[in-house]
Amino acid sequence: MSGVSYLFLFFPIVLVILLVLEACRSDDPKSIVKRAAANLGVLTAVLVLGGAFVYVINRWF
Amino acid sequence: MNFRFSGKAVLIVLGALFILVSLFMKKGERIKGVAFFLAWLVPGAGHVLLGKWKKGLFFFLILGATYAFGMWIAGFRPVSFDDNPFYFVGQFGSGATLLIAKLRGAEKAIIRDGLNPSWFDPGLLYVCVVGLLNLVVMMSILDVKPAEVAVTEADVLRPAAAASAPPMAPAVPAAPVPVPEKPA
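Chains as they are written, first to last, in our numbering: chain A, 1 to 61; chain B, 62 to 245.
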C-alpha cells in the first residue's frame, strides 16, 4: 500500500484546482464548494473506474 | 550586429511596455492592469486591489498552503531545471514562487526524510500547479466587470460628506393648475 500512497495526493491537488477554477467563475461560496465537490466526485469515479479497467485487463487478459 | 538578450533586459522592456500601455488605458481599465500585475506578484493581491478582498484572501491562502505543502515534500527546495524542466517553468506563473526559487538558487530538491520516495514527483507538481493556477487567477481579474471597478474607484474618490448626505426625495409630480373660466 505504501508503494501507491502517492495516489492519496490526488485528492488535495484536484480539490485545490477545482476550488480555484470555480472561485474564478462564481462569487457564491456555497455553489463553489458544491460544484467543486461534485466535479471531484466525477473525476475520482473516472480514476477508479479507469484503474479498475486497467487492472482487469492486466489480470485476466 | 550582435544582440544579447538577458533576462533582466527582457523584464525591463516588458515592464516599460506594461506601464506605457497602462497609461493609455481608460481609468476603470487602468486599475485592472495594475491588479493584473499585482496578482502575478502575489496570488490574490489583484482581487484585493479591486475590492474583492475575501476572494483575494481565499486565493492567497489556498495557493499558499498548496505551495507550502509541495515545498515541505520537496525538502523546502524549489523545483530546479534538472528536477523537471516543465515543473521548473510552471513556477514562473507567480512572482512570489519565482522569487523564492531565485533566492534559493539552483539547489536540487530532495524528498523529505520519512516520506515515501514516490511522493517526490507529486510534491514538485504541487509547486508547479500553484504557478499555473495563479495564471488562471490573473486571467479572472480581466473578467471583473468595469462597472464594479468604477464603483470601487468612485467610493475611494467620493468625499465623506457626500457619502453621508441623505438620499434625495423622489420628485413629486406638480398638481394641475386650475384654469379660471372666462366670462362669456
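Among the clues, some could well be false.
Distance condition first, Cα-Cα at most 25 Å in a straight line; then the derived SDA-like pairs of lysine to any residue [unchecked claim]:
id, chain 1, residue 1, chain 2, residue 2
1, B, Lys169, A, Pro29
2, B, Lys69, A, Cys24
3, A, Lys30, B, Asp144
4, B, Lys115, A, Val14
5, B, Lys163, B, Phe79
6, A, Lys34, B, Phe121
7, A, Lys34, B, Leu193
8, B, Lys163, B, Ile73
9, A, Lys30, B, Phe121
10, B, Lys115, A, Val46
11, B, Lys115, A, Leu18
12, A, Lys34, B, Ala126
13, B, Lys69, B, Leu196
14, B, Lys169, B, Val109
15, A, Lys30, B, Lys163
16, B, Lys115, A, Ser31
17, B, Lys115, A, Ile17
18, B, Lys115, A, Arg25
19, A, Lys30, B, Arg138
20, A, Lys34, A, Leu49
21, A, Lys30, B, Ile73
22, B, Lys169, A, Phe53
23, A, Lys30, B, Leu176
24, B, Lys115, B, Glu90
25, A, Lys34, B, Phe79
26, A, Lys34, B, Lys69
27, B, Lys115, B, Leu203
28, B, Lys115, A, Leu49
29, A, Lys30, B, Glu90
30, B, Lys169, A, Val33
31, B, Lys115, A, Asp28
32, A, Lys34, B, Asp204
33, B, Lys169, B, Asp144
34, A, Lys30, A, Leu49
35, A, Lys30, B, Val205
In case anyone wonders, no lab produced these hints; they're calculated from the structure.
So, going through the hints one by one against the coordinates:
{"no.": "1", "hint": "Lys169/B <-> Pro29/A", "in the structure": "39 Å, violated"}
{"no.": "2", "hint": "Lys69/B <-> Cys24/A", "in the structure": "32 Å, violated"}
{"no.": "3", "hint": "Lys30/A <-> Asp144/B", "in the structure": "39 Å, violated"}
{"no.": "4", "hint": "Lys115/B <-> Val14/A", "in the structure": "22 Å, holds"}
{"no.": "5", "hint": "Lys163/B <-> Phe79/B", "in the structure": "23 Å, holds"}
{"no.": "6", "hint": "Lys34/A <-> Phe121/B", "in the structure": "21 Å, holds"}
{"no.": "7", "hint": "Lys34/A <-> Leu193/B", "in the structure": "23 Å, holds"}
{"no.": "8", "hint": "Lys163/B <-> Ile73/B", "in the structure": "17 Å, holds"}
{"no.": "9", "hint": "Lys30/A <-> Phe121/B", "in the structure": "19 Å, holds"}
{"no.": "10", "hint": "Lys115/B <-> Val46/A", "in the structure": "33 Å, violated"}
{"no.": "11", "hint": "Lys115/B <-> Leu18/A", "in the structure": "18 Å, holds"}
{"no.": "12", "hint": "Lys34/A <-> Ala126/B", "in the structure": "21 Å, holds"}
{"no.": "13", "hint": "Lys69/B <-> Leu196/B", "in the structure": "21 Å, holds"}
{"no.": "14", "hint": "Lys169/B <-> Val109/B", "in the structure": "34 Å, violated"}
{"no.": "15", "hint": "Lys30/A <-> Lys163/B", "in the structure": "38 Å, violated"}
{"no.": "16", "hint": "Lys115/B <-> Ser31/A", "in the structure": "16 Å, holds"}
{"no.": "17", "hint": "Lys115/B <-> Ile17/A", "in the structure": "18 Å, holds"}
{"no.": "18", "hint": "Lys115/B <-> Arg25/A", "in the structure": "15 Å, holds"}
{"no.": "19", "hint": "Lys30/A <-> Arg138/B", "in the structure": "36 Å, violated"}
{"no.": "20", "hint": "Lys34/A <-> Leu49/A", "in the structure": "23 Å, holds"}
{"no.": "21", "hint": "Lys30/A <-> Ile73/B", "in the structure": "42 Å, violated"}
{"no.": "22", "hint": "Lys169/B <-> Phe53/A", "in the structure": "37 Å, violated"}
{"no.": "23", "hint": "Lys30/A <-> Leu176/B", "in the structure": "35 Å, violated"}
{"no.": "24", "hint": "Lys115/B <-> Glu90/B", "in the structure": "21 Å, holds"}
{"no.": "25", "hint": "Lys34/A <-> Phe79/B", "in the structure": "38 Å, violated"}
{"no.": "26", "hint": "Lys34/A <-> Lys69/B", "in the structure": "44 Å, violated"}
{"no.": "27", "hint": "Lys115/B <-> Leu203/B", "in the structure": "17 Å, holds"}
{"no.": "28", "hint": "Lys115/B <-> Leu49/A", "in the structure": "37 Å, violated"}
{"no.": "29", "hint": "Lys30/A <-> Glu90/B", "in the structure": "30 Å, violated"}
{"no.": "30", "hint": "Lys169/B <-> Val33/A", "in the structure": "37 Å, violated"}
{"no.": "31", "hint": "Lys115/B <-> Asp28/A", "in the structure": "11 Å, holds"}
{"no.": "32", "hint": "Lys34/A <-> Asp204/B", "in the structure": "22 Å, holds"}
{"no.": "33", "hint": "Lys169/B <-> Asp144/B", "in the structure": "7 Å, holds"}
{"no.": "34", "hint": "Lys30/A <-> Leu49/A", "in the structure": "29 Å, violated"}
{"no.": "35", "hint": "Lys30/A <-> Val205/B", "in the structure": "20 Å, holds"}
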